[in-house]
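Asker: Now for the letters of each chain:
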Amino acid sequence: MIDSQPMIELRRLHRFFGKTRAVDDVSFTVYRGQVFGFIGPNGAGKTTSMRILASLDLPTMGDAFVDGFSVVNDPDRVRRRLGFMPDYFGTYPNVNVREYLDFFARAYQLRLRDRIDAIDRVMDFTGLDVLADKPTDGLSKGMKQRLCLGRSMIHDPAVLVLDEPAAGLDPRARIEVRQMIRDLADNGKTILISSHILTELAEICDVVGIIERGQLLAMGTVEEIRQHGQTPQNEVNVRLVGDAAPLGRWLCDKPDVSELQVNGEGIRFLHAGNLDAEADLLREMIDAGFRVVAFGSQQQTLEDVFMQVTEGLVQ
Amino acid sequence: MSAQAETVTIEPKATSSPIGVWWRVVDRAMDTAGDYLNPILVKETRQALKSRQFTITFALLLFCGWLWSIIGVALMPSIWYGSQGMEMFFGYYIILAFPLLVIVPYGAFRSLAGEREDRTYELMSITALGPRQIIRGKLGSAFLQMLVYLSAISPCLAFTYMLRGIDFPTILFILGYTVLASLSLSVVGLLIGTLTTEKHWQVVLSVLMVAALLLSLYMAIGMTSMMLFWQEIPFDDVEFWIVCAAWLTGHLSYFMLVYYAAAAQITFAADNRSTRLRVVMLVQHILFVGWMAWTWIWMANGEEEVLLVFMILLGIHWWVMGALMTGESPDLSPRAKRKLPQSFLGRIFFTWFNPGPGTGYLFAISSLIGGLIVAMAGLASVEAFGAFNSRWNSNYASTIIAFGILGLSYITIYLGLGLLVVRLFRRFTYVGVLLTALTHILLLMIGCGIPAIIHMMSSDLRHLDYSLLQIPSPLWTLPYIADRSGLPPEAPLLLAVVPLAALIVFALNLPGVAAEVRHVRLAKPRRVADEDAELSAELAPPAPVRTSPWD
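First to last, the sequence lines map onto chains A and B. The first sequence maps to residues 57 to 371 in our numbering. The second sequence maps to residues 551 to 1101 in our numbering.
The following block holds chain B by itself, in its conformation from the complex (with noise of 0.2 Å):
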């Protein structure tokens, strides 16, 4: 062979043709796509691909499905000419389920503890991948994960809409509702995943981990069920979807709640980890608030029991949130007050917002005011322009408002008194939220324990409903009183005492807030301040040039 001939190129026969500059353009493009996908969720699908935890899921799923599809073929002899596709379809369910709401979980929380007990998780936290990138990222995975199990099994879900007996709507919701499931479970999984790095703890954690997705997929089986067999799924009933918007409105709002907790908990310590999550709370609040006002307005028809769960939804919700912000730090880093409100109205409207338990206290109690504020509102509007209903009377009104005071009360005494033990704690040694939560509940348990003991060992109380010594005691009281529809002879007595109490402890708890409401915002360092403007020169449009005469 000559040298010539050995320095003849070939050129690539795709490059000419329209389809192979064509292709050229889509790789490129997905080329420069991809690169503004999260980094985390490119890797975790590549080692997914090759990981044997994924290939063995993936063949199992397979393999069971195509074995039911056998199995159901060969049980079910009137499939020949009856509609058995709900009696497939819920075989199929069973076998997506457990991948779906087992295993994708776990694996979202197995990546990030396993990252943290590598400490692979420290190599990425120092590059510019910033803590909700990371929590979305190992998110997207798990999503991913879940649209590859989908795909696997959609033509088995194909094959049971063409034997009949299951309409396209229902597959679709059951699908929808599962895979929102198993998302929710895997936004956990990842909040688990960070609470600690300590082995015994991580292996106590997984155990739970397990037992209560476990418990998830025997609950989504058994409705998934129901809505099959027993219950037709009311599509074209409107009130169906209304109830539908509620709950995937508060599904939502815990869902992004709980992002926020996980990425919190993965900020560097010197951040502000708190003001995003008091932001989602309120809109919590709000979305909540309107959808009670609505649902007692226009649904209940001006039920006096709606505007009692309102309140107990409510006080449950916001004890919970305050026990754990009373567990921030009351210092915060220089960095975090660069970005403190600074005007009149920023500091009377935002301070509240800053991190620390003082200010997440009044943060707590002053939600739960406004939320009380709108019940009453809605109690008062009843009382001016007539009831909903003619079984309404007035002492309902007084039920409930005591119900509103003593809920109130209660919740501003637990939750300053756990402040105040806190506080307490913190002159010698450090308490963090977990500790804090822990305390909160030990006084509540104390407050109403002790007292239903006495109760219950005393031959005098016993057959009493109700005696005085029940005072701390929130879930021996408030349900006392929200028992009747007229107040109780000791109503007077508890709503002077109760408030009382709860003035105290909130005026105890003051200082404390004082104190962090008067951080004030401090300036950027010199170097800051300096990249920052060296940055925002590079990104500054040119200056026009004059090209006219008359400009």
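Extracted from the complex, chain A is given alone in its bound form (with noise of 0.2 Å):
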């Protein structure tokens, strides 16, 4: 369902709030039907983009567009094309699943048919309509979340922005939430999502752009995240029969091994190669007399990385 239209655009990007600068100069773009995955630790300035992008705050510098519409100089087409979930809940007292939807149903202007086919749409979708007439502030957490995802896509927009959907959901929650915004995604929905849970973010995400105290520090697919800059490196787990200690030392002269972990018959590494470095490596090992018995290597995983191009550096 991905096409070259650019639905979201951030250029030069910025928002200084007095010395500090939430936002540096962030650029990109998400074309329509990707899942654009936001990572960055707390503080690194996704949820100021967020917010921007909704047309909640202001940029100092710089603009954002979604589907070509500059969120500072026409928010109300903005508004009209996106769907925005903060990362509170934002419910009313004294109001029911299906009246709080209404309201915003209401407040999208949809009349009649439409809003009762919305509100029946979004109830369906999200799990919401056996919970119908029940009071929004009586909502579990992952119901809540469900909720909110419901009034965010209640007009259908082509764009929606999830500011950590998932969090503080428990496993069958966040399963769920993460289901729900990959059938969004298949429906043709362009989303931008930020999350502490990197895991999920890899499954569901087409791009992903780690930030960091305003800054974009790299962006790409989930595999060119994990090549950012450098050979890709795996993990290579060995088991031997006898000690491992002779192997370790000889690991100790190859190039391309790194990060090496000696814990009795096993051995742990980084090997920066291709598979058939490994292959080779693993030869290697046999002709020089290593008893191996297993040779498993494993790809880094979105946290490595994340943990490699961050330096939990908060502004």
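I should point out that these hints are in silico values taken from the structure, not numbers from a laboratory. We put the beta carbon where it would ideally sit given N, CA and C, even for glycine. Relax, there's no trap hidden among the hints.
To give a feel for the contact side, a few chain B residues facing chain A, derived at Cβ under 10 Å: (1) Asn588; (2) Gln597; (3) Met674; (4) Leu679; (5) Ala819; (6) Ala820; (7) Arg885; (8) Arg888.
Taking lysine to aspartate or glutamate and the EDC-like style, the derived pairs with C-alpha atoms no more than 16 Å apart in a straight line are: (9) B:Lys600 / A:Glu155; (10) B:Lys1074 / A:Asp132; (11) B:Lys600 / A:Asp189.
With the hints as a guide, dock the two chains, each given alone in a separate frame, to form the complex.
Answerer: Laid out in structure tokens, this is it:
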């Protein structure tokens, strides 16, 4: 469903709060149907960027566009196309689920049949239909997240901006929310999502951007991010008969091996190279007389790359 | 039971009866009409009907009404044979005034302030609801609550009418102005609710709001008791209705001003927040000038005091408005620039409605000049065609002219100086409307306070009515001029120095004004123009189909 029309575009976006550079020259483009994952530590500038995109804040410099419309100069047109799910719930007291969705449907100027259809569609999609008459402030956290997702898509926007949609949810609810986001992407929605749970982002995102201290440090597909500026490194675990220490000494001389850890009969290290190089290394080990019983290689996860790329600095 | 029997469907009886059919039609019509109601009104009504605050207030209102009925009847034995409706009405009025003048406006204030605190306002603001729709929705909800409270107490009010001693127009008049006051207090509450999102300021504003509302309640009860027990309302007097109309005009114009100000406060920062407010200010100005002219000619019979009052009110009004307008940002967003006047005449007449501190300064000064020209025209007509009354003498004319020129000059000086100071501050930091208003107040206090202190402390000056040290002080100089029928000996010097200073300050501000006047209209971006074209093509009626060979 991904096509070449940019639906979200950040152009040299800056946002300063006094001397703090919350967003510092961030630019990227998300095309129609793409899921873009925004990763970064707390205070990195993810929420600020998303708030600007949702026309809740103004950039100090630069601009952001949704379907070609500037969030600064045409916020009304942007709002028609964008659904925003912030990192807070925003529920009202003394309002049940249906009334809550009804209010937002009316606020988006959906009339009569369209409004009723939109509420039914959203409640069906989020599984809230069984809780239609339940007060919103009595919902569980997972249900509130579903309700907020439903609210953000009540007017069927082409772009969804989701700030930490799975934060604080139990594993089952996280899986369900992840499935919903995947379904939305399959239906052609363009999604910008931030999360701390990187394994989940790796599974649902087409493109990932890593942001720290307001600056975009890396961007690309999960595979491209893994190869970020260096030869791909795989974690290799080897088990052999007898003590692993001699193998450790032997591996120390290899230039493409790093972060060596010897543990009794096992050894773990990072190997920079492709599968052919790993096969050559295994053959060399055996030729050198090491009695290898297991040789397993594992690609770096997004978490590993994240830890490498970011420095854990906060502003 | 057989399977056949289980599948039998039962048609609702109502659908076949004419009442049922009509009911369905009415229901559908109500549904359609409800769709066009303000969404906030719908949501808040649903919330209010389930809220504890509403239930308690409503129950208390009914209980107090019921209690007063028993106590009133018990304490007033004459109720059986006399006309005690007025006393009973006053009791019910106090019971009703509390929710109307305290609970409802405070609820409106908390409703918006609470949404901003809980950040539900943010979610609402990114929907298709405009800022004015949001304010209207909140106001509508407040009005609906008023109606519910009124309906709850209406049997009691009907009871007072039946007791005699109070007539129907009096009841209507008192309820009318109370509802108007409640609406006005609600819109002020909404404006205050937009002022800050800081928790500590919200607490301060809440306390001030409650104090102001209790004061309003006290004043309303006092005024009602005066109308009921001391001074009968002169319904058959034409002048009474004219004063009411004038008061209503002023009231509604300020209501609109506060309404637009509240909406401007929550308008997106890149939008034009100022032009609508300036239009309201101009309409208000025209209405005020019209009413004052009418009052002067038809009611005051050409009394010079009326002209002075007119000029004082006009001066205070435009100083306050100028102090607020000069707090606007000098930068115009591309969005605001898209709607700037483009033609030569448009730029001449409508540039002063564009947002900006310089245009705001000029707008205030030129409006004030316009008002003074009308006053001077009135004065000239008196001079040319003779006085309305025998008390008139030409010395009043010179006093009024001097007062007008000096008043205008002082406002030009103080607003201009404030604007220059704010422009200086803006080089280092962000200066908003509130800080600008405070700067203007501070400047006026310095200009009036320092000479007054020196005057009081100097043994040589203390015994004098006026000294030239007071030249910077409008609060001392203007009353000194107005207090006499002829011009004082210092008048020539004052009329030379103060207007000259005003011209200098005005000239110093001109470069800033010129920078704002140079803004020109920006074309719509291509994407926006394309969408507008698509939308207008969708809305345009289809091309007529030729049905006749003669077409």
